[in-house]
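Novice: Below, each chain spelled out in residue letters.
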Amino acid sequence: MLIYRIELTDFRVYKHAVIEIEPGVTAVVGRNAQGKTSLAEAMSYLATLESFRGVPNDALVRLGADTAYVRANIRHDDGREVLVEAEINRSGRNRVQVNKQRLARIRDLLGVVRTTVFAPSDLQLVYEGPTQRRQLLDDALVALSTNNDALRLEVDRIVRQRNVLLKQSAGRMNAEISNTLDVWDEKFVEVGTRLGEARARLVAQVTPYVCEAYEVLAGEPTRVDLIYEPEWRTVGLGAALVAARNDDIRRGITTVGPHRDDLVLGINGMPARSHASQGECRTLTLAIRLGIHRLITHHVGAAPLLVLDDVLSELDPSRSTALLRHLPAGQVIITTASALPEAAHPDAMITIEDGEVVASVKIAK
Amino acid sequence: MASPYTPPIQALIDEFGKLPGIGPRSAQRIAMHIVKMPREDINRLAHALTDAKDRVRYCDMCFNLSESEKCSICSDDRRDSSILCAVEDSRDVVAIERTGEFRGRYHVLQGVLDPLQGIGPEQLKIKEMFRRLAPEGITEVIVCTNPNTEGEVTALYIARLLEPLGVKATRIASGLPVGGDLEYADEITLGRALGNRRTIEI
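Protein chains in written order, with the numbering used here: chain A, 73 to 437; chain B, 12 to 213.
One or more hints might be untrue.
To be verified - Across the chosen pairs, the derived CB separations fall in these ranges:
hint	chain 1	residue 1	chain 2	residue 2	range
1	B	L30	A	K434	33 to 39 Å
2	B	H44	A	V430	51 to 57 Å
3	B	P31	A	G308	41 to 47 Å
4	B	P35	A	R397	55 to 61 Å
5	B	S92	A	S250	50 to 56 Å
6	B	E133	A	E122	34 to 40 Å
7	B	T210	A	R322	20 to 26 Å
8	B	A57	A	R322	41 to 47 Å
9	A	D130	B	H44	43 to 49 Å
10	A	A276	B	P31	55 to 61 Å
11	A	V307	B	K29	47 to 53 Å
As the list claims (entries may be wrong) - Calculated pairs, BS3-like style, for lysine-lysine (alpha carbon to alpha carbon, straight line, at most 25 Å):
hint	chain 1	residue 1	chain 2	residue 2
12	B	K136	B	K179
13	B	K81	A	K239
14	A	K239	B	K138
15	B	K81	B	K47
16	B	K81	B	K136
17	B	K81	B	K29
Simulated from the structure, these hints should not be mistaken for lab results.
Computed from a predicted model, the values in this text were never measured in an experiment.
Where a beta carbon is used, it is the ideal one built from N, C-alpha and C, also for glycine.
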């Protein structure tokens with residue numbers, strides 16, 4: 073898959089810009105706050121319909137404008153051309169057109185564009201709470217199969233409904249509430265178990281890819297563990313919900329289930345969060361992104377667009393060289409505020425200044 | 012900011028804007044149209060509104076909209092009283108009636124379980140439905156709630172209560188639209204249609 077042209081209107085710092093992108097590796101250079109990350113964000117928005125920085129949609133609209141537009145021309149490996157047009161409204165619903173056909177639900181866009189973004193903020197995957205790690209897994213599941221989007225939305229919805237029900241019970245149990253809770257639980261077990269299975273399968277599949285990527289980056293074999301072993305999966309969600317019911321009622325929230333899962337990251341047999349250095353954690357998060365990227369490439373049969381947003385400066389020279397030497401096949405965008413390392417052999421270079429493309433050159437090899 | 016409309020028109024727009032499916036633009040268009048309508052048409056419309064409100068009520072049996080205590084379906088004794096179709100809304104009765112495939116009776120639940128909207132079993136006409144089972148000799152309840160999370164949960168709830176009573180609970184099937192194309196079906200519908208496949212009877 074190739075995004076060969078992207079047009080941004082009132083998107084973050086961009087008033088209006090048309091950016092042509094080459095296949096292969098493109099370096100996007102510019103000083104800070106000129107629009108490099110905005111470009112990365114526009115591309116990832118088309119894949120996930122969300123900001124990869126986790127900001128609300130209205131933060132994607134340029135200050136002073138009401139609506140942002142992202143228009144992207146995509147060519148798939150089989151030659152199929154797709155024009156995606158996304159309209160992001162500060163208030164009200166967003167709209168998406170694919171080849172000039174308006175999508176009934178904007179979530180139908182998922183699966184049309186796939187991107188992998190690695191950004192400095194990815195370090196949060198190690199240090200912050202489990203929410204981001206769950207999202208990492210679920211985003212990968214959606215990229216692998218769009219059916220998983222409905223699955224995760226349904227789990228969210230059931231948990232929200234169940235929590236309201238628990239709050240309504242006000243800590244007291246009667247037959248009426250118990251019966252209603254039973255049916256929500258039955259549905260929750262069905263859907264939640266499927267999500268748990270999908271996550272477990274994903275973790276098993278992606279781990280070898282992550283280990284391989286880590287070894288390439290670090291230059292030496294390192295034990296990397298991705299551990300997804302929620303307790304409810306050993307006893308079954310149904311039994312876990314029964315065991316937790318009194319607690320759930322007392323606290324007015326659903327205390328067990330896939331919405332509280334965590335993915336434990338380990339290096340050299342120790343939890344990364346507490347035992348790994350910041351450099352190791354950075355390498356780990358990059359290896360995870362690259363591992364997922366390779367799994368998706370393998371599974372879908374086409375490489376997603378890989379965006380490395382301002383990460384070279386964060387890695388030590390040997391690791392950034394290793395990364396650049398082993399970039400996966402497919403289209404890659406590297407943004408940087410500093411000089412490109414020698415190992416980078418981009419096919420094209422785009423210079424961005426104040427939300428405008430000031431130079432775009434193809435580099436002959 | 013002062014309203015750009017004269018107050019009676021603004022009031023009209025506000026009222027239409029409260030109706031389902033009518034946005035501000037449509038409300039404005041209808042209001043503008045109404046003031047241009049001939050007097051007798053207006054009278055007819057006003058009468059139709061109040062008349063509908065005065066004369067339509069819920070059927071005591073099935074809670075469908077009705078002109079009398081018992082709606083036309085509940086009072087039709089050619090209907091099969093052993094089979095009951097539970098639906099969310101009166102509109103669903105109309106939809107199923109149009110198929111001409113169902114000869115049993117209905118029960119309008121007036122919603123589905125939806126804690127986020129504050130709707131539990133008490134707010135629905137579930138108890139009323141169970142009161143009908145024995146007197147009417149109902150042996151099967153087809154739960155025809157929508158195939159979404161809330162609809163499925165409501166179906167489960169009803170099925171669980173029916174089970175000890177020995178009344179058969181069935182769920183309307185979901186699958187592909189007739190005359191449609193496989194390639195245009197969304198993955199979830201198609202996946203479910205595959206899961207619920209049946210043997211071809213020869």
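Novice: For every hint, state whether the structure bears it out.
Specialist: These are the hints, each one checked on the structure:
Checking the proposed 33 to 39 Å range against L30 of chain B and K434 of chain A shows it is violated: the Cβ atoms sit about 58 Å from each other. For H44 of chain B and V430 of chain A, the hinted distance range of 51 to 57 Å is satisfied, since their beta carbons lie about 54 Å from each other. Taking 41 to 47 Å as the suggested C-beta distance range, the pair P31 of chain B and G308 of chain A conforms, at roughly 42 Å. About 59 Å separates the C-beta atoms of P35 of chain B and R397 of chain A, a value consistent with the hinted range of 55 to 61 Å.
For the pair S92 of chain B and S250 of chain A, the beta carbons lie near 32 Å from each other, so the given range of 50 to 56 Å is not met. Taking 34 to 40 Å as the suggested C-beta distance range, the pair E133 of chain B and E122 of chain A conforms, at roughly 38 Å. In this structure the supplied range 20 to 26 Å is violated for T210 of chain B paired with R322 of chain A, their Cβ-Cβ distance being about 50 Å. With their beta carbons about 55 Å apart, A57 of chain B and R322 of chain A fall outside the hinted range of 41 to 47 Å.
At about 35 Å, the beta-carbon gap between D130 of chain A and H44 of chain B misses the expected band of 43 to 49 Å. Remark: the range hint 55 to 61 Å for A276 of chain A to P31 of chain B is contradicted by a beta-carbon distance near 48 Å. Restraint check, V307 of chain A to K29 of chain B: a C-beta distance of roughly 50 Å satisfies the suggested window 47 to 53 Å. Between the alpha carbons of K136 of chain B and K179 of chain B the distance comes to roughly 19 Å, so the proposed pair stays at or under 25 Å and holds.
Among the hinted pairs, K81 of chain B with K239 of chain A is inconsistent with the structure: their alpha-carbon atoms are about 38 Å apart, more than 25 Å. Between K239 of chain A and K138 of chain B the CA atoms are separated by roughly 23 Å; this keeps the pair inside 25 Å, and the hint holds. For the proposed pair K81 of chain B and K47 of chain B, the alpha carbon gap of about 40 Å is over 25 Å, so the pair is violated. The hinted pair formed by K81 of chain B and K136 of chain B meets the criterion: a straight-line CA distance of about 16 Å does not exceed 25 Å.
A distance of roughly 30 Å separates the Cα atoms of K81 of chain B and K29 of chain B; the hinted pair therefore is violated under the 25 Å criterion.
Consistency note: the structure conflicts with the earlier hints numbered 1, 5, 7, 8, 9, 10, 13, 15 and 17.
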